[in-house]
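Undergrad: What follows is each chain in one-letter form.
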Amino acid sequence: MLRLLFRRLLVAIPTLFLVITIAFFMMRAAPGSPFVNERQLSPEVEKAVMAEFGMDRPLVEQYVNYLKGVAVGDFGPSLKYRGRTVVDILKENYKVSLKLGLSSILLAALIGVSLGIIAALRQNRMADYLTMAVAILGVCIPTFVTAPLLVLAFASRLGWLPTAGWNDGALLNMVLPVTVLALPQIAIISRLTRAGMIEVLRSNYIRTARAKGLPESLIVRKHALRAAILPLVSYLGPACAGLLTGSLVVEKIFNLPGLGKFFVMSALQRDYTVVMGMVIVYALLILALNLIADMLYAALDPRVRLS
Amino acid sequence: MIPGSPSRRALIENAVKGRSLWDDARRRLLRNKAAVTGMIVLALMVALAIVGPFFVSFNYDTVTKTDVWMKPLTGGHLLGADSLGRDLLARLLAGLGVSLAIGVVATSVSLVIGVAWGAVAGYVGGRIDEIMMRIVDTLYSLPFIFFVILLMVTFGRNIFLIFLAIGAVEWLTMSRIVRGQTLSLKSKEFIEAARAAGLSSGQIIFRHIVPNLLGPVVVYVTLTIPAVIIAESFLSFLGLGVQPPMASLGTLIAIGAQDMELAPWLLVFPSVTMVVTLMAFNFIGDGLRDALDPKDR
Chain L
157 MLRLLFRRLL VAIPTLFLVI TIAFFMMRAA PGSPFVNERQ LSPEVEKAVM
207 AEFGMDRPLV EQYVNYLKGV AVGDFGPSLK YRGRTVVDIL KENYKVSLKL
257 GLSSILLAAL IGVSLGIIAA LRQNRMADYL TMAVAILGVC IPTFVTAPLL
307 VLAFASRLGW LPTAGWNDGA LLNMVLPVTV LALPQIAIIS RLTRAGMIEV
357 LRSNYIRTAR AKGLPESLIV RKHALRAAIL PLVSYLGPAC AGLLTGSLVV
407 EKIFNLPGLG KFFVMSALQR DYTVVMGMVI VYALLILALN LIADMLYAAL
457 DPRVRLS
Chain W
322 MIPGSPSRRA LIENAVKGRS LWDDARRRLL RNKAAVTGMI VLALMVALAI
372 VGPFFVSFNY DTVTKTDVWM KPLTGGHLLG ADSLGRDLLA RLLAGLGVSL
422 AIGVVATSVS LVIGVAWGAV AGYVGGRIDE IMMRIVDTLY SLPFIFFVIL
472 LMVTFGRNIF LIFLAIGAVE WLTMSRIVRG QTLSLKSKEF IEAARAAGLS
522 SGQIIFRHIV PNLLGPVVVY VTLTIPAVII AESFLSFLGL GVQPPMASLG
572 TLIAIGAQDM ELAPWLLVFP SVTMVVTLMA FNFIGDGLRD ALDPKDR
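Protein chains in written order, with my numbering: chain L, 157 to 463; chain W, 322 to 618.
It should be emphasised that the hints constitute simulated quantities derived from the structure, not laboratory data.
Bear in mind that the values here come from a model prediction, so they are computed numbers and not experimental data.
Virtual Cβ for every residue (Gly too), placed ideally from N, Cα, C.
Treat the hints loosely; a few may be bogus.
[Claimed, not checked] A partial selection of chain W residues facing chain L, derived with a Cβ cut-off under 7 angstroms:
| id | residue |
| --- | --- |
| 1 | T459 |
| 2 | F467 |
| 3 | N479 |
| 4 | L559 |
| 5 | G560 |
| 6 | Q564 |
| 7 | I574 |
| 8 | A578 |
| 9 | M581 |
| 10 | L588 |
[Stated by the list, open to error] Below are the SDA-like pairs computed for lysine to any residue, each with C-alpha atoms no more than 20 angstroms apart in a straight line:
| id | chain 1 | residue 1 | chain 2 | residue 2 |
| --- | --- | --- | --- | --- |
| 11 | W | K354 | L | N280 |
| 12 | W | K354 | L | A207 |
| 13 | W | K392 | L | A309 |
[Stated by the list, open to error] Covered, in the sense of this in silico footprint (three residues per stretch, anywhere, with C-beta under 8 angstroms from a C-beta of chain L), are these stretches of chain W:
| id | stretch |
| --- | --- |
| 14 | 544-556 |
| 15 | 596-602 |
So that you can see chain L by itself, here it is in the shape it has in the complex (with noise of 0.2 angstroms):
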């Protein structure tokens, strides 16, 4: 299990500092400087506006002193926003992301998993196509088709939801975002989950307990589930990344206080110290998560931790 971690972590450092460095030079080179979209400013204005952000030294003592701050946490001041630090944001915005991506989450594994099993159980009846026609079609409407429809049927026209915002979270407010984020998901999860249920009942230990006089809901329950759904735990880096770029869609169309309308603001006002921070921390973020799920496979795997 060490092991296991010492290698990943020996591929995720690296990663991340690339991360970070690239960010960092994309950004540099800019053409133009980031202020250029206000209003003219006057050489030695502009001149004292980069020496404040520290954007009059050497290209590499920037990296450095960048790279310094991240490693403490520190990404810098926004440079739309006066005053307020790149952190500052984070901290105000998080919550509703994290809240909106863990119930969608949840629900999309609830709702995934169970159609999964149902649909092997079924194989090639009309259950299962169905379930997979679902799949499909929740593979092939990106989040960006599914929110204006839904809201424009059951918010403006049945009038059953409110159309936007957030109201701290309350349940009618999170239907809707929670259900387009989810969607793709219980699409991928089903068919992931469906998969491995008929491999699995295939498979001998299956037939062992079936011999052995078991009852069906105990075989499939005790014996074939925990198998089906281990791929499931390596699709956790992928659900996340896939929510993070979700939620960009969700909460600018719902118009939800969260980290991802943030990131879409600071990117079209090119706030380019908020962008680059928002970066490193979602790619930190998906690091984080492909570890999890890594080390997460091995723990319940005892096949991958021999190997």
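Could you slot chain W onto chain L? The hints should help.
TA: Frame of chain L; chain W shown alone:
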């Protein structure tokens, strides 16, 4: 046309006929109803995007003040008009063309990089293979769409940059697939024969290995194009992709989402077009995979 004397030509044609791998695959593909439907729909979409604009009497960027918010089937607008009185059908056809073009071009970029990278890594092997695949592993764990956003922010929203950025993201999986295939091809007799005949590594890779990779590569290409279309539309939806007055399916959906209370048709038609296109690609990809799956052979 195959060169050579008629008898030689007949010989080669017979030889080709004897090897029925692609024939088999084609037959299996044509029996797959979903895949065939997908191909027909896609052909229709491509035809519409190319010749359609000639049959629509409006230009995609012509602003007509009197036609603002025209409902579908009124004022000569088959699918209605938007907040600036621009004809939706004309814009939809233009947007479809842009999205398909981005899909094809960016996929080609990823195809070239991915196949070359994977084939070289797999064929050369050893330390070079390890380094090359480690690079792929590292890039794989980067949140690429965020980098593409970063790229759009820093270097402006340029359509060629979108091609390049998305293509550069999508080659990773391709290179993995190609490397795996190359590894298994490498030990085949015909490669040994080529080496015995004195061909250089480069010649063997590009003349003997790459053509034999075609199956899995074709499957992956049909699945990459829709992924690219989604990625571009995602950027456009956020306002970071194709810039107005040009349209892509993503920008049209974004505008539709803004104006859906007043003009739901602006959202519905582009959304349906997008979903149908993506599904067509996915059905073709799945069908191709089933048709070429070596497990079935």
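Undergrad: Taking the hints in turn, state whether each one holds.
TA: So, going through the hints one by one against the coordinates:
no.	hint	in the structure
1	T459	5 angstroms, holds
2	F467	5 angstroms, holds
3	N479	11 angstroms, violated
4	L559	5 angstroms, holds
5	G560	6 angstroms, holds
6	Q564	12 angstroms, violated
7	I574	6 angstroms, holds
8	A578	4 angstroms, holds
9	M581	5 angstroms, holds
10	L588	6 angstroms, holds
11	W/K354 / L/N280	16 angstroms, holds
12	W/K354 / L/A207	66 angstroms, violated
13	W/K392 / L/A309	19 angstroms, holds
14	544-556	holds (count 4)
15	596-602	holds (count 3)
Hint compliance for this structure: hints 3, 6, 12 are broken, all remaining hints hold.
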